[in-house]
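Student: Please work from the sequences and hints to get the whole structure.
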Amino acid sequence: MNDAVRVESLYKTYENGVTALDGVSARFASGTFTAVMGPSGSGKSTLLQCAAGLDLPTAGRVFIGGAELTATKDTARTKFRRSRVGFVFQDYNLLPSLTVEQNVLLPLRLAGKRRPANARQILDRLGLGDRTHELPERLSGGQRQRVAVARALVTEPAVVFADEPTGALDLRSAREVLGLLRAVVHEYGRTVVMVTHDPVAAAHADAVLFLADGRLAGSMAHPSADAVAERLAHLGDLTTRAAA
Amino acid sequence: MIAIALRNLKHRPGGFVATFVSAFLGAALLMAFASLMDTGDTESLTTTAVVGGGWCLVIVAFAVTSTLSLSVRQRADQVALLRSAGATGPQLRRMIVGEAAAIALIASAAAVPVGYALGRVLLSLLQDTGQVAESVGYRFGPIALGTGFGVTLLGAVAAAYATARRTAGKAGGRPERPRLRRVGAVIFLLAGANCSVLTATLMDGKGVDAMQTAGQAGIWASIGLALLAPELLRLVTAVIGPVVRAFGGVAGELAVTGVHSRARQLAAAVMPVLIFTGVATGTVYMQGIEDRAAEGQIQPEYAQDVQTLNYVVVGMIAVFVAVMLVNTLVAATTRRRREFAQHRLAGATRGQLLGMVSLEVVLVTVAGVLGGSSASLFTIVPFGSARAGELWPSASPWQYGVIVALAVVLTAAATIQTTRRALRGPATAGVRA
Chain A
8 MNDAVRVESL YKTYENGVTA LDGVSARFAS GTFTAVMGPS GSGKSTLLQC AAGLDLPTAG
68 RVFIGGAELT ATKDTARTKF RRSRVGFVFQ DYNLLPSLTV EQNVLLPLRL AGKRRPANAR
128 QILDRLGLGD RTHELPERLS GGQRQRVAVA RALVTEPAVV FADEPTGALD LRSAREVLGL
188 LRAVVHEYGR TVVMVTHDPV AAAHADAVLF LADGRLAGSM AHPSADAVAE RLAHLGDLTT
248 RAAA
Chain B
2 MIAIALRNLK HRPGGFVATF VSAFLGAALL MAFASLMDTG DTESLTTTAV VGGGWCLVIV
62 AFAVTSTLSL SVRQRADQVA LLRSAGATGP QLRRMIVGEA AAIALIASAA AVPVGYALGR
122 VLLSLLQDTG QVAESVGYRF GPIALGTGFG VTLLGAVAAA YATARRTAGK AGGRPERPRL
182 RRVGAVIFLL AGANCSVLTA TLMDGKGVDA MQTAGQAGIW ASIGLALLAP ELLRLVTAVI
242 GPVVRAFGGV AGELAVTGVH SRARQLAAAV MPVLIFTGVA TGTVYMQGIE DRAAEGQIQP
302 EYAQDVQTLN YVVVGMIAVF VAVMLVNTLV AATTRRRREF AQHRLAGATR GQLLGMVSLE
362 VVLVTVAGVL GGSSASLFTI VPFGSARAGE LWPSASPWQY GVIVALAVVL TAAATIQTTR
422 RALRGPATAG VRA
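Chains as they are written, first to last, in the numbering used here: chain A, 8 to 251; chain B, 2 to 434.
Hints may be right or wrong, so weigh each one.
Stated by the list, open to error - Listed below are the simulated SDA-like cross-link pairs for lysine to any residue, each with C-alpha atoms no more than 25 Å apart in a straight line:
hint: 1; chain 1: A; residue 1: Lys120; chain 2: A; residue 2: Leu135
hint: 2; chain 1: A; residue 1: Lys80; chain 2: B; residue 2: Gly356
hint: 3; chain 1: A; residue 1: Lys80; chain 2: B; residue 2: Thr335
Claimed, not checked - Pair ranges (Cβ atoms, derived):
hint: 4; chain 1: A; residue 1: Glu144; chain 2: B; residue 2: Tyr312; range: 49 to 57 Å
hint: 5; chain 1: B; residue 1: His12; chain 2: A; residue 2: Glu194; range: 50 to 58 Å
hint: 6; chain 1: A; residue 1: Thr77; chain 2: B; residue 2: Gly316; range: 50 to 58 Å
Since the hints were made in silico from the structure, they are not lab data. A virtual CB, placed ideally from N, CA and C, is assigned to each residue, including glycine.
Tutor: If you want it as C-alpha cells, here you go:
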C-alpha cells in the first residue's frame, strides 16, 4: 500500500531550548484513519505541523504522497502544502468575512484553480447545502467544523491533518465530526491523521499512535476507548518514572 | 485597576506608541499657538492663536480619539481575559481611562520643549511680517501649559471613556450605531455648508478675514464626510470593484469581498486619508487664491510674509494629519495579524496577501481622495467667490497632484510595510496572536 505520509527521524527544537520532537519516524498508509495520542507536551501537535509543512523541523524528512517536502521558504512550502495537504484546526480558523462557500473554495482560488464541479456536492453531503451564503459567525461549532472539513477536502489532498478537531465541541457535535472524518476515509478514500487527547475520539480511528516526550511510544490497532485510556494512563506512569 | 494600567504601560510600551505620538504632536501644536496668548493680547497674536489653535483643537481631538479607540480595540483579548478573571465593567473602564490619562500626561510633558520652540518660530514670523512689534518678548506661560495639558488630557480621557464603555461594557461585541454616525455626519456637513455660505455672502469683500470661515468650512466638511467613510468606501467598491476583481485575480477578489464584509474596519483607514486630502487641499488652494488676490496691492513684501506664516501653519497641520494617517493605518493593519495568519493556513502565500492588501489600499485611497477633494471644495469655491469673484480657482493642479501623491505614498507605505511585518513568522503563531 502507498504511504500518504512518511516522516523520517524528525527533530524539532524550539528557540527556547525545548525539544518537541526527538527523532520520530512514522508512516501513514493511504486510505487509513490514524489518531496520534500522548500527554500534553508529548510533541503530537508539533509532529502534525511539521508533517503538514506548517512548521519547519530542525532535522528530518517529510514525504507527502510520495513527494518530499524540501522547500524551506515560506512561499514554496505554502504552494507545496496547499495542493497536497488539508488541515482542520481545533478553533476552525475560518475567515469570518467570507461565506461558507467562499471559505470552502478559498484554497482552490488561492491555488488558481477553477471551482470544481463537485463543490456543491461536497457541501450538500456535509449538510451545508442550505447554508452556503451564511457567514461562519451564524453557524454552530459543529457546523463550523464541518465547513472546515469541507475546506480541507476541496483540493483533494493526499492527506487531511486534524489537530484536536473536537476540542471545542459538545459531545453530539464531536461525534458528528468524528463520523464525518471516518466517512472521509472510508467513503471518499482519503487519509486522515488526527491529534487528540480524548480516548473516545481516538476510538473512531483505525489505529492509534502513541507519543511521549517527543518519541514514539507504541501503537494500537482497532482501538477501543477503554484500551486507549488505559494505555495513556500507563504512558503517563512511564514518563513520570523516567523523569524521577 | 490603575496599578494594572501602569503595569500595562511598562510591560507593553509598543502598544501605546500611536496614542503617544498623536497626543505628543497635538499637545506641542496647541502649546505653540496658546503661547502666543501668553506673549501678549494684541489683535494679531490673539487671532493667530484662536484661528490656528482652533483648527488644531478639532484635529487633535479627532486624532487622539481615533488612535486611542483603535489601540483599545486591539487589546480586546486582554480585556476579555481580565473580564473572565472577574474584572467588572467599571474596573476595566478605570484601567483604560487610567492608561490614557498616563499617556496624555507623559506626552504633554514631553511636548513642552517642542511647543516652546514652535511658539518662538510663530512669534518671529509674526514679527517679521510686521504684525507684532519687534520689542515684544516671547512668553511661554500658564495659557500654553494649561491648554496643552488640559486639552490633551481631557481629550484622551473622554475618548478613552467612550471607547471603554463600548469595549468593556458588554462581554459580547460592540454594536455599530450607524444612525448616530450618520446624524453626526449630516450635522458636520451642515456646519461646513453654513460656513461656506457665510464665506460667499457675509464675508464677500471682507478680504483676508474670509479665510477664517472658509477654512472652517473645509474642516467641518472633511469630518462630516469622514464619518460617512463606510458608505463612501462601499460606493467606490461598487464602481471600481469589478475592475479590481477582473485584473487582480484572487487577490482582487479577496480585496473586494473584504471591503463588503469589513467596510467598518477599512473605513478607519479611509478617514485619515480623507481628512489629510481635504484639509491640505483646502488650505493650500485657499492660500493660493489669497496670494493672487493680494497681488498688486500696496505691500507686496508684507503679503509675502503673511503668505509664509500661513504656509507654516498649514504645513504644521498637514504634518500632524500625515502622522495621524500613518498612525491609524499601522494600528489598523497590525490588528489584522490573525486574519492574515488564517488566510495563510488556508493556503495563501505572503505574496498573495500583499497583493490583496495593495488592492485594498487602492480602494481606500480612491475613497479617501474623492471624499477629501469634495470636502476641500467647501473651502475653495466660496473663498474664491468672496475673494476673487471666481468659483473655480485659476490655480495650477500640481499642488493638488502633490497632495494626492503624498496621500497615496503615505497610505501605501504604512499599510504594506505593516502587513509585511504582520506576515513574519509562522502562520501557526499568527493565529494565536
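Student: Compare the structure with each hint and give your call.
Tutor: Verification of the supplied hints:
1. This hinted pair checks out: Lys120/A and Leu135/A have alpha carbons roughly 22 Å apart, not beyond 25 Å.
2. At roughly 18 Å between alpha-carbon atoms, Lys80/A and Gly356/B fall within 25 Å of each other, so this suggested pair holds.
3. At roughly 23 Å between alpha-carbon atoms, Lys80/A and Thr335/B fall within 25 Å of each other, so this suggested pair holds.
4. The hinted window of 49 to 57 Å between Glu144/A and Tyr312/B holds, with their beta carbons roughly 50 Å apart.
5. The supplied range of 50 to 58 Å is met by His12/B and Glu194/A, whose beta-carbon atoms lie about 52 Å from each other.
6. In this structure the hint that Thr77/A and Gly316/B lie 50 to 58 Å apart at CB holds, the actual value being about 55 Å.
When each numbered hint is compared with the structure, no violation occurs for any of them.
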